Amino acid sequence: MTYEERLQNVSVLGAAGKMGSGIILLTALEMADLSLKPEHKGKTFVANAIDVSHEALAGLVKYLQTQVFKAAEKKMVQLRHFYSDRPELIENSHIVDEYVRHVLGLIRPSVRLESAYDSLLVFEAIKEDPAVKNAVLSQIDRNNPNKPWYFTNTSSIPISELDEGAGLEGRIIGFHFYNPPAIQKLVEVIKGKHTLPELGDFALKYAKNMKKITVPSNDIAGFIGNGHFMRDLLFGISLAQRLSSEMPLHEAIFTVNKVTQDYLVRPMGIFQLMDYVGLDVCRYILSVMNPRIAGGSLHAPLLEEFTAKGVKGGQHADGSQKNGILQYDKGKITGVYCLTRDGYAHHNDFEERCNQRLGAMPEGTPAWKNAVRVSDKDSLFKPHFEKMKNQDSLGARLAVEYASESARIARQLVTDGVANQVEDVNTVLLTGFFHAYGPVNEYL
Amino acid sequence: MNALRKKVYLVAGYNTISMGTGRKEFNPKKERPGLEQYITEAGQATLKMIGGADKVDECVIGNFIASRFNGQANMAAFFPMIDPGLRYKPATRVEGACATGSLAVLAGVKSVLAETADVVLVIGVEVQNTVKAIYGADYLAAAGWAKDRKAGHAYFFPGQFSERAGAYFEKYGRDRTRQAFARWFRNAVENARLCPTAQEYHNTAAELEKLALMEPNGKVFVDHLNVFDCSKVSDGASAIAVVSEEGLKRIGIPLSEAVEVVSFGHVEEDITKPPVDRTALTTFAAAARQALDRAGISIHQVATAEVHDCFTIAGIMAVEAIGLAEAGKGPDFVSAGHTARDGKFPINTTGGLIGWGHPTGGTGVHMAVTLWEQLTAKAGDNQITIPPDRPYGLSVNMGGDDKTLVAFVIKSATA
Chain B
1 MTYEERLQNV SVLGAAGKMG SGIILLTALE MADLSLKPEH KGKTFVANAI DVSHEALAGL
61 VKYLQTQVFK AAEKKMVQLR HFYSDRPELI ENSHIVDEYV RHVLGLIRPS VRLESAYDSL
121 LVFEAIKEDP AVKNAVLSQI DRNNPNKPWY FTNTSSIPIS ELDEGAGLEG RIIGFHFYNP
181 PAIQKLVEVI KGKHTLPELG DFALKYAKNM KKITVPSNDI AGFIGNGHFM RDLLFGISLA
241 QRLSSEMPLH EAIFTVNKVT QDYLVRPMGI FQLMDYVGLD VCRYILSVMN PRIAGGSLHA
301 PLLEEFTAKG VKGGQHADGS QKNGILQYDK GKITGVYCLT RDGYAHHNDF EERCNQRLGA
361 MPEGTPAWKN AVRVSDKDSL FKPHFEKMKN QDSLGARLAV EYASESARIA RQLVTDGVAN
421 QVEDVNTVLL TGFFHAYGPV NEYL
Chain W
1 MNALRKKVYL VAGYNTISMG TGRKEFNPKK ERPGLEQYIT EAGQATLKMI GGADKVDECV
61 IGNFIASRFN GQANMAAFFP MIDPGLRYKP ATRVEGACAT GSLAVLAGVK SVLAETADVV
121 LVIGVEVQNT VKAIYGADYL AAAGWAKDRK AGHAYFFPGQ FSERAGAYFE KYGRDRTRQA
181 FARWFRNAVE NARLCPTAQE YHNTAAELEK LALMEPNGKV FVDHLNVFDC SKVSDGASAI
241 AVVSEEGLKR IGIPLSEAVE VVSFGHVEED ITKPPVDRTA LTTFAAAARQ ALDRAGISIH
301 QVATAEVHDC FTIAGIMAVE AIGLAEAGKG PDFVSAGHTA RDGKFPINTT GGLIGWGHPT
361 GGTGVHMAVT LWEQLTAKAG DNQITIPPDR PYGLSVNMGG DDKTLVAFVI KSATA
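Protein chains in written order, with the numbering used here: chain B, 1 to 444; chain W, 1 to 415.
These are computed hints drawn from the structure, not numbers from a lab. Quick caveat: nothing in here was measured; it's all calculated off a predicted structure. Built from N, CA and C at the ideal position, the CB exists for glycine as well. One thing to keep in mind: the hints can contain errors.
Stated by the list, open to error - A partial selection of chain W residues facing chain B, derived with a Cβ cut-off under 8 Å:
id, residue
1, K132
2, I134
3, A137
4, D138
5, R149
6, K150
7, A154
8, L211
9, K219
10, F345
Next comes chain B alone, as it looks inside the complex (with noise of 0.2 Å):
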């Protein structure tokens, strides 16, 4: 079965969430561009996007109308050549619209998952739960007779565990989309031990149309993504939790937050991405990661007290920043919550003290947003963590503490056989995390 073939039945689950909503898109105009093309004309393709309610349904043709229309205006150059015979189509407001008729065309939405019946290929992207994910993927593959593959957005449960408790036979690989899908470049493409190979040049080839970056991941619980996040996270935990012998909790994770984002010159303080990700959302992968890891070591009752408390973060349907451990007013951190008082202490409060024991930020400490864009990123990181090094104060000291970590839980990675090389990690938090450098690098 050709590339093209295997696009021409395609369902999406879980479309209508934060990744499927991203998956089912990127397909759909894949798909729609291949049926395009003079060769492939008069041939069907059908993109069915599968969820459980209609409400999440109508949301998502919302979001796809508007996000195909923005995609057909950047593709304009391309999309005049694709209806270069379609006389009737002059103007570029007349080939996006049609464009957009034609994407939103092939996508079914569905509550059914008999609509995946059909299918070639199967995206899945449904509750990060071992169990749930076995019992549709199993539901499918045996009432569908077309032997389909599967594509898992898993971030952290092994693709073999998948294979074998769906009885999939290797038709299965991961392909793990960063959030937003539509946006971030990275894709983690992790094969399991009897992933088949055609999945994954397929996969390969499926990512480039996509412009995506792959990094190949092995197949061990939370890959290079999580495995590098989640340890980062409890290291800002734990980090907090030592501060607090000297300082109020919620103003230890103050701190921590602030040397995480401004002196690490990274896109958001780890508490502020904890909070992004959604609190449930790391303690349920930090639960996946634990039984199937050596060790087992992976454990954060700091956070389980945040969601006992309803702390729990996440995003609006709109896509803003729901309070988390941090406060947030239009996407700004105002407070952070305090487990002592049962509500959030604002940063008027406490934000000068803090800043006050953290001492001056370094001088020339670059901002995230204009590092992110140099591309050489030794003139600016190795003259920053040279004066963190030699300044005693207490933010450079935990800046230069926490990189060091964030590099040794990189080269770890490494070691314990998830990442081939330390290179994969640095891409992974380049361009899934949007780090302006790698965790593996020469300026500590």
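With chain B held as given, fit chain W onto it using these hints.
Relative to the frame of chain B, chain W by itself:
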């Protein structure tokens, strides 16, 4: 026809800001001034300089395509909005694609020559940031033959001039031509940085030539030009008064503050035909030659020119078309710095279409205002020296791909 049968002067020029990307105040997500505000600002400014609406006999407004960008036609009826004193006075809207502004000035000149008016208020305006550039490209494509649109590029006019650039590269060499493009861009921005109304006034980019040498990417734009080779999408208006000797007395402005329209050139080429030669602006050259011949002067008596650099390639070919360089030698002339503000023949001294901006229907009026400023020593930081033996200014305004061309030769009224 040679010299004009009557003295015709230009006075009281005014430009609004050329608004669009690059200006700090520009925010595409916020509500912005529309046609009404630009027309009012420019019109009232010129009226104030000439002593009010009661001095005006007639009005002309140049606008290319508000019918699509703004859903607005019947533009002449905006004049009474500027000032109630203009109610019930004759007004006309003219259109000739991107040469609209100069056609508007020319319509004023002809009214004065016909002795149907002694004072004509001329405004050129366009407000184009109402839609994304990808849709604006469709509207602007109307400057070409509608039947060519289907086969044309998504960005129609950049596509047309990219083809010209490609042909020029092939015939005369790519690298040296692109170097000249980069120099053209640098000159445009450096001049614009001196002019507070220019769209690139806030441009602080370092190493402009290096920036401009970015490789074109035909997958997302056109094959032979990059964004720095193109004028931007602009909103803006310019106004000027066209007056007779009697008119000048009526409004009480001294000759020293006026420029004289010595001659004009106006030629049309068949819109249904492809260019005769993609490597030359042949119609452009005909208009410039006509204006210079009618003035009885050569290009070597001209101190400065405003030329239609909708794209850098048009700028380079314009240099050849007005007779400053032979075919294929335009890039050398530009790269040598001769067209820079301190060069031997400064061109587009307030930035031109690439630097100052290109509110299409306003551009020809803006050219007239710039020459008026330069030749009456009102150009402020943009002022260049006008040598006494070269007292003339030349403007050449182009509509479409070398189709509608209007040129003026202008000199100080006291020179």
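Hint by hint, work out which the structure violates, then give me just those numbers in ascending order. Per hint list: 8 and 10 violated.
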